[in-house]
Every structure is written in structure tokens, then in C-alpha cells.
Amino acid sequence: MKNLLEVSDLSVEYRTYEGTVAAVNGLGFSLAPGRTLGLVGESGAGKTTTALAVMGLVPSPPGVITSGEINFAGRNLLSLPEREMKKIRGNRISMIFQDPMTSLNPVVTVGLQISEAIAAHQNLSDKEAEDKAREMLEKVQIPGQRYREYPHEFSGGMRQRVVIAMALACNPALIIADEPTTALDVTIQAQVLELMRSLKEEFSTAMIMITHDLGVVGEVCDHVAVMYGGRIEETGSLERIFDGPRHPYTRGLFRCIPDIEEKTSEIRPIEGLMPDPLDLPKGCPFHPRCPEAMEICRTVIPPVSDDGGHRVMCHLYGKGGEDRG
Amino acid sequence: MKTENMTLPGPKTGEREKRRSPWWEVWRRLRLNKAAMAGMAVIIVLVVVAIFAPVLAPKDPNQTNMKARLQPPSAEFPLGTDNFGRDMLSRIIYGSRISLYVGFVAVGIGAVFGGIVGAIGGYYGGRLDNFLMRCMDVLLAIPQIILAIAIVGALGTSLLNLMIAVGISQLPRYARVVRASALTVRGQEFVEAARAVGASDARIIIENILPNCMAPIIVQSTLGVAQAILSAAALSFLGLGIQPPTAEWGSMLSSGRQFLRNAPYLTFFPGLAISVVVLALNIFGDGLRDSLDPKLRQ
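These protein sequences, in sequence, are chains A and B.
According to this note's numbering, the first sequence is numbered sequentially starting from 1.
According to this note's numbering, the second sequence is numbered sequentially starting from 1.
Bear in mind the hints are in silico, worked out from the structure with no lab data behind them.
The reader is advised that the hints may include incorrect statements.
With beta-carbon atoms standing in for the labels, derived distance ranges [claimed, not checked]:
1) B/206 - A/202: 44 to 54 Å
2) B/206 - A/198: 48 to 58 Å
3) A/79 - B/124: 42 to 52 Å
4) B/128 - A/127: 48 to 58 Å
5) A/9 - B/126: 25 to 35 Å
6) A/202 - B/128: 51 to 61 Å
7) A/256 - B/113: 36 to 46 Å
8) B/206 - A/128: 19 to 29 Å
Only part of the chain B face toward chain A is listed, based on derived beta-carbon distances under 10 Å [unchecked claim]:
9) 191
10) 198
11) 212
12) 263
13) 286
Heads up, the beta-carbon is just placed ideally off N, CA and C, and yes, glycines get one too.
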């Protein structure tokens, strides 16, 4: 199948007074229509910046996209003028933000916010946009009667459903969900995830799910990409990554999850902290924390080794690691 | 599809839809605020008085009567007469027309243009913001009354020019207030969310930035009306505003000043009228701000 979204060699920098933050470094991934990619990583790994780059919303200044291509449905988004991007945003690609408490305008009714999103892209009368917005509210299981209520009259989970309705309103080909369940409590998380999954199937929308929760990934994603220090360290299908993580960082992440069937007295966190993005280590960005770091890791950025779609960026699997078996 | 058998919390679907407009909602909450309602009642009374001045005024406000100069309040002249024997009550009633008109229109001019400048500066930031705000600083650096004198001096004396002058001299305050709140609103996630659904800058400013800046604009405006009335009065006193025979509170106040010792009612009543309007506007504005804030809605 032809890919809907293809990102290659994407690099984004934030030029601040303290120095240049290399947020994303030569990132590449692709996404087929209707599929879900889970973008996993710690805070500061560059997940949100990647999402904003796809939306064309990297805050500038200080953000600068220094290289790369983002091909969406055959067009390079990075070379499109702002006017064209506006037509794509919300219409073909839309975004769900992390905190539903702040991602809705507090002084405008939820219904109007949804119908505005529709009206921005479709040539509809006010009445038609309103009907469509009510329909979208019903889709996310909020009674259409609540069209004229304000965001503060909704609970957190309901607000996030309103945000989802807004994102889906123009039936986009791609939804970027930036930690959509982080601000919600666990039971509501499950409902929202379930809703997103069923709506995604109904509308056959592709989705990029940004999260640091591997549980969420396991629930909704087809593919997984693990980010660290602005790079994708490991990527592959959900099964491949979950059954046989290869990169030491990915393995470390899985060790952090307590197993419900095993009696674990303590979980083992990954030693150390995320590197300072102002001063990323030379070579593999993970080497200062890596239990299996070798001499070569300190100096050379590892090449990508591909094992039938399961790609790893680590010297253990490239030529550098062969002598270790 | 799994959607059908999923149950999510929410009100019963049979619930009657709220078909109220947001303004109805504001009104509902405003009604609960007794002080604000009192303020509004005073303003409404004054507006009605201003509109029906010819019907309500017992005498012609410009009719001089040399036999009855500087009369203290009496049955015939409830608020006394001035140094030309004109009936003070009639003059105050007629004066409310000019004072309220100047106050509201001048604030309208200041708030609309200042609001636009502030919202644009705050939203776009950077050099444009710098330029606009430095222009406002220039206006702010000149004392308000002197700026107004200069503008009226340049445009010539007329009621419209008076309002323009007072409006422009108030403009930087609105620009600053709106810019300050636009800066905080701009950083909110819902603005980014609006951008993510493809809204244009103009739409974001009108729908996201300005409504969220309403509270300080309203408070500033109610205070501003009071100040505009005073500024207009001061300009009239200097001969740059309302020309003498026309009744206006400010000019009545200042012309009564020279008879303060013998006829204090000449300054007392116009001064009282100004104070009452100012107080009523402030109380009302305060209540309006509370009821406009949807976060306080029950």
C-alpha cells in the first residue's frame, strides 16, 4: 500500500539564548493509510516537535526546520506556502492535544467550536455546519443537546471527547494525538482510547499516537517507533517490538513495566537521565545510560540495521557489534 | 462496531436542550447581583432622562432671568439658579445628554481602536508589537489632557472633535490592557488547537483572543467613561469643548466655581451628577465582568 505520510531526514532545532537545542535529528518514518503509529519516548525525546513539524506549527522563532521532507499524500508539506497549509490543517491532518482542560476556548460553546472547525474548510451554511457538529458530538457519545454548553460544563473526559469530535469533524486522513490520555484518569483513559479506536476504524483514519505509556501503545497501535534524543532508536510492528525488543533502551522501557503475572518486588528503572538537549552526547545519544555501551558507541552514530521491517539503530546489531555475537 | 454497546457517562438524552443565548445567561447572572442591578437602574434612569430631556426639564435651560440670579433651591427652582438666573435642574437634565454621549462615544473610540492595536500587537508579537507599543508609549508619555488639547486645537472645536480627542487620549490604556491579556491568551493551548484546525489569524484574534480579553476591557471601559466625562468637562472649561450657552456638567461645575462661597449648590449638583454616574458605572461594570466570566457560571 502506498504510504500516506512519509517523513525523511527531518531535523528541527530550537535556537534559544542558551544555545541550539537539537530537538529532532534526521528522523524518518512512514505511515500507511488507516494505520496507527505509536511514537514512544520520554519527555524531551522530540515527539511533540515531530508532531508540530508535520502540522507545520513548529513555533518560530525559536524553532527552525533545518532539513528533511514531510510527504503527505504526495506533497512535501515543508515546501507548501502557509496558505496551503491552512487548508490542510484540520481538514486533512488534525491534532488532538494533551490537556482537554486548556485546548478548548473557555468562552465559546463547544458546539460552535466544532462547527467553526467545519466551516473553516467546508463551504456550508451555518445551519448545515451546526447539524454536522451535533452529529459529531453524538459520534463521541455526547448528546447533541449539549451543543450550546461551555467547556467548563463538561468533565475532563467529555472535553477530550469534544476535542476528538473537533479533530474528526472534517474527516481527516491523519490524526496526530499528542498524549491524548495523559491528563485523564485511568478509567476515563480506557473509554477515550476505546472511542478513538472505534472512530478511527469507522472513518478509516491514520493516526500517530504520541505517548510515553507503552500500555496505550499496546492497546491501539499497529506500529511502534521508539524515540530517544530526537532519533528513532527502534521501529517495527507492534508484535515485533513487544515480543522482541532489540535496542537496549526499548528493553529498558519494558523492564520498567511491572508484570501483572509475576511477583516483582521492584521495577528496574533505566539508570541516569535524558541527556541535555543543548548538548547531546556524541555517537549514540543513549550510550551514557546504556548498560551494553561499547567504545564505538561513544563516537559513531549507529547505522540502522533492518531485519524485515524491524529497524534498530544500535551498534549491537550493525557491523560494530558482530564480534560480540 | 463496538461503539454501540459502549456506555459513557453523560446526561440523559431526553434532557431538554438549553436554547439560551450566552447573553441571556449573562443577564440571568447579572440579575442576581443586587449592586450591579442598582448601578444599572441608575444608568437607565439617566439615559431615559437624557433622551426625554425636553419633556422632563421644567424650564428652558438657556433662558436667562436676571431677576432670579443665584437663587438657592426653592419650590420654583428645585436646584437653584446660576449667575444668569438659569434653572439648574433643567441645565443638569440637558447636561446629562452631552456628558453621557461624550463619555460613551469617546470610550467607544478608545476601546475599539485601542483594542485592535493591543490585540494585533499581543497576538503577533515581535517587531510589529514593538512598533505599535512604542507608538502607544509616545501617546502615553504626553499627559492625557494636554494631548486632548492638542488634538482639539488641531481639529477645531466641535462635539465630534471633543469625543475624538478624548478617545485618542484614552487609546493607549486599552491597547496596553488588551495586549497584556492577549499575551497570556496567545500562549494557551486552545489557540494552538484553533491553529491546528486551520483557523486564520483574523479568526483566532476575533474568536479566541478578544473574547478572552473582555473582562479587563469592560472594567477599563466603565472606569474610562467616568474619566472621559471628566476630561470632556476639563476641555469645556478651557473653552475647547462644549461652547458656553450649552449646558454640560463639566462646564457648569467650573463656572460655578467662582460662586462657591455664596452659592455652593452651583457646584454641588453638577458634581453630584458626575459622581453618581461614575459610581453607577463602576458598580455596574464590576458586576458585568463577574457575570461575563463563564468560569463563574453555575
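For this structure, which hints from the list above don't hold up? Hints 1, 2, 3, 4, 6, 7, 12 and 13 are the ones this structure does not satisfy, whereas the remaining hints hold.
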